[in-house]
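Residues per chain are reported as follows:
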Amino acid sequence: MSRFTKGLMAVAGMSLCVSTAAVANDLTVVSWGGAYTKSQVEAYHKPWMAKTGKTIISEDYGGGIAEIKAQVESGNVTWDVVDVELADAIRACDEGLLETIDHSALPAAPDGTPATADFIDGALQDCAVANIVWSSVYAYDSSKVRGWNAPKTMADFFNTDAYPGKRGMRKNPKVTLEFALIADGVPTDQVYDVLSTEEGVARAFAKLDTIKDDVVWWEAGAQPPQLLADGEVVFTTAWNGRVFNAKNGEGQPFEMVWDGQIYDLDLWVIPKGSKNKEAALDFVAFSTATEQLAAQASWISYGPARKSSEGMVGSYHSDPSLKMAPHMPTASANFANALQNDFEFWADNQDQLNERFNAWLAQ
Amino acid sequence: MAMTDASPSAEVPITAADGTPLKKKLAQALFRSRVRAVGLVLPLFAFVMASFVIPILALMWQGVHNDTFARYTPNLTQQLKQWDGVSQPTEAMFVALVTDLKSARNDKTVGRIATRVNQELPGTRSLFTSSARKVKKAKPPYAESMVKINKKWDRLDVWQAMKLTSQSLTPGFYATALDGKYTVDQGFVSQVENRQIYVKLFWRTLLISGSVMLLCLLLGYPVAYLLATLPMRYSNLLMIMVLLPFWTSLLVRTTAWIAILQSQGVVNDLLVWIGITSDESRFSLIYNMTGTIVAMTHILLPFMILPLYSVMKTIPPTYMRAARSLGATPTLAFVKIYMPQTIPGVGAGGLLVFILAIGYYITPALVGGQDGQLISNMIAYHMQKSLNWSLAAALGGILLAGVLLLYWAYDRIIGIDNMKLG
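Those protein sequences? They're chains D and R, same order as listed.
Read in our numbering, the first sequence has 1132 at position 135, and its numbers run on one by one without any break.
Read in our numbering, the second sequence has 313 at position 312, and its numbers run on one by one without any break.
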């Protein structure tokens, strides 16, 4: 046994050396991992490294601002640029955890439109610059259609009579409650008004009650394509880029239903006290230029945050015949009945609804 | 005594070679060796203090102490201290509110204040952030002006929530962790029913951990017995089979269970093929409490087997033979002679598995579904997502108290000296 132990310690020691060697770099960029990080590495990191001659270390994380908060408050900031959701960007900015970003330093569109007019609504915040629009949708496996018509609406997701079988949903009240109200017939522009009332929340839970016994709850973004592929569920809510990637990257016969999609932004932020602030600002400005945002869209089906990028979106990187534009959340055919995630509503109500959601789950 | 009286050396002390008294020399030598011993232990002691004791104490402190509000709104905190909590807020309180909101807006701390009050009263976060943006426009009389900016400033419960959060030392987080609420005017009250979750999760955590511990004991005991009694070449092979999964990543093992237990998985396919169940009514073996217990039992099994094995290995086989020769049946000899001697291993393994189980959160998060969540999932949520570290600390504090209580009970019933880890 002791020989085994020694071997283990040697391996542990080696990995320690490796991790200390990695400290010397010019910029640490943190994102969500998987196909999404790959799209950023290809479209942003590599060209930026070629331009500046500096190196980027790409790290993965699972979202949230806990790490940023811990780093800033302990005064040991090791992350330079982080990809966060809109609600988190605003919250972290309000709490003084982020550097402010001067919007005038962002490059103008190729036709000269200033950046402030070129980005879509909400994409430019005091401390953050958006790079993509992503969306929560639901998907199904078209090869396992068991004698029913292809689903078209959010109501179909909740219709277990016409579409029997298990459904995958994210174990989180966010998006889940909105989906329930949309399926229950609330117009997308009134969803948050309804959800702000006690009756509205009760209505959402009542709608969820109708499928509660059929739901498989997922937590990590990689789970829903897996659940579909295993045949564990017939429908699952998912992030559109993950489904697109499973379909076109791995050849899975998945289809998305865009009706009632809930879209959100992902933004770059710079933690306060970043040791490479200049390089970080340069990277943010470089990566959110029109060409880079358009280039990223050829790696994953998330929409660019600049209007001027939309026309430049090309084909999927490994398949020139696959045009990316129709697969974006913002493509007009997909956008007909879309809802933007209301960060302010969730900043106010996340905690109480999460407790309520978990109490409902445990019933 | 008689000897010392008689001896002349009582007056002239015995000296060492260099002339110092032997007694003093001896004391010096002893002192040096004690310093060396302390010096050797000191790094470990410092490490344990710095990485274990102090963080735990700091965490416990955070569960009852949160000075976010008092730190960033000093004027308002002063005013709220004098307020009785039920009468109409005074103009002086509004003046303090305006002053503090203005400075918070400048220092970018309004988000911290807003988050803190929102923990007490949901829906107030935006009240603070939006009011701070507009506070420049406020004019005396401020009470009227602020209500015009946002009519929520007229609500008594907003001010009561602020009064609660202005008290840095608060039992509020522990109250929340026990599905209660601490209020200004009524003391402790229970949380509205549809938000009560934590107590239920504490019980479920204890239940699941207890079941996992018992299952580990049932499954691990025979394996440990075989390991200890089989000839070397078989027992080595068996040992490898115990240790290999032990060295495999937790995530890999959890994912493997998903592949095995899911409704289109190996087990269900087999059951359908045999004809025990039909293709339409496959069993739900994962994404529920069953899945959590199965996966956790498998992952924690080595922690039961190894202490058991190390104890069983030391039990001389002669005891069993003696019992047999005195007329005991094999079963009786095993139950009366062998099993009592394994108690230290059972205790160690059981305690180890139980304590590890109550802190598990990755496995329940992945395979727990809707009724396999544990309290540690909520602690992780408050650490990572809601950033309500004080509530996480309170939940952790209660869990720690529970473990210490069980440890104490174990010590009283079985005795901690009887525990043997190997």
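Rather than coming from a laboratory, the hints here were simulated on the basis of the structure.
The beta carbon of each residue, even a glycine, is placed where N, CA and C say it ideally should be.
Check the hints yourself; a few may be wrong.
[Stated by the list, open to error] So these bits of chain D aren't anywhere near chain R, every CB distance computed over 12 Å:
no. : residue
1   : Glu1092
2   : Asp1153
3   : Lys1163
4   : Glu1229
[What the hints assert, rightly or not] Mimicking BS3-like on lysine-lysine, the simulated pairs with C-alpha atoms at most 25 Å apart in a straight line are:
no. : chain 1 : residue 1 : chain 2 : residue 2
5   : D       : Lys1274   : D       : Lys1320
6   : D       : Lys1066   : R       : Lys138
7   : R       : Lys386    : D       : Lys1066
8   : R       : Lys201    : D       : Lys1209
9   : D       : Lys1168   : R       : Lys152
10  : D       : Lys1272   : R       : Lys109
11  : D       : Lys1274   : R       : Lys103
12  : R       : Lys103    : D       : Lys1168
13  : R       : Lys103    : R       : Lys25
14  : D       : Lys1272   : D       : Lys1244
15  : R       : Lys109    : D       : Lys1066
[Claimed, not checked] Listed below are several chain D residues computed to face chain R (Cβ distance under 7 Å; list not exhaustive):
no. : residue
16  : Leu1121
17  : Asp1158
18  : Asp1227
19  : Ala1344
20  : Asn1346
21  : Ala1356
Here's how the hints hold up against the structure:
no.: 1; hint: Glu1092; result: 4 Å, violated
no.: 2; hint: Asp1153; result: 21 Å, holds
no.: 3; hint: Lys1163; result: 7 Å, violated
no.: 4; hint: Glu1229; result: 5 Å, violated
no.: 5; hint: D:Lys1274 with D:Lys1320; result: 37 Å, violated
no.: 6; hint: D:Lys1066 with R:Lys138; result: 32 Å, violated
no.: 7; hint: R:Lys386 with D:Lys1066; result: 11 Å, holds
no.: 8; hint: R:Lys201 with D:Lys1209; result: 19 Å, holds
no.: 9; hint: D:Lys1168 with R:Lys152; result: 35 Å, violated
no.: 10; hint: D:Lys1272 with R:Lys109; result: 21 Å, holds
no.: 11; hint: D:Lys1274 with R:Lys103; result: 28 Å, violated
no.: 12; hint: R:Lys103 with D:Lys1168; result: 39 Å, violated
no.: 13; hint: R:Lys103 with R:Lys25; result: 70 Å, violated
no.: 14; hint: D:Lys1272 with D:Lys1244; result: 40 Å, violated
no.: 15; hint: R:Lys109 with D:Lys1066; result: 14 Å, holds
no.: 16; hint: Leu1121; result: 17 Å, violated
no.: 17; hint: Asp1158; result: 16 Å, violated
no.: 18; hint: Asp1227; result: 5 Å, holds
no.: 19; hint: Ala1344; result: 5 Å, holds
no.: 20; hint: Asn1346; result: 6 Å, holds
no.: 21; hint: Ala1356; result: 4 Å, holds
Hint compliance for this structure: hints 1, 3, 4, 5, 6, 9, 11, 12, 13, 14, 16 and 17 are broken, all remaining hints hold.
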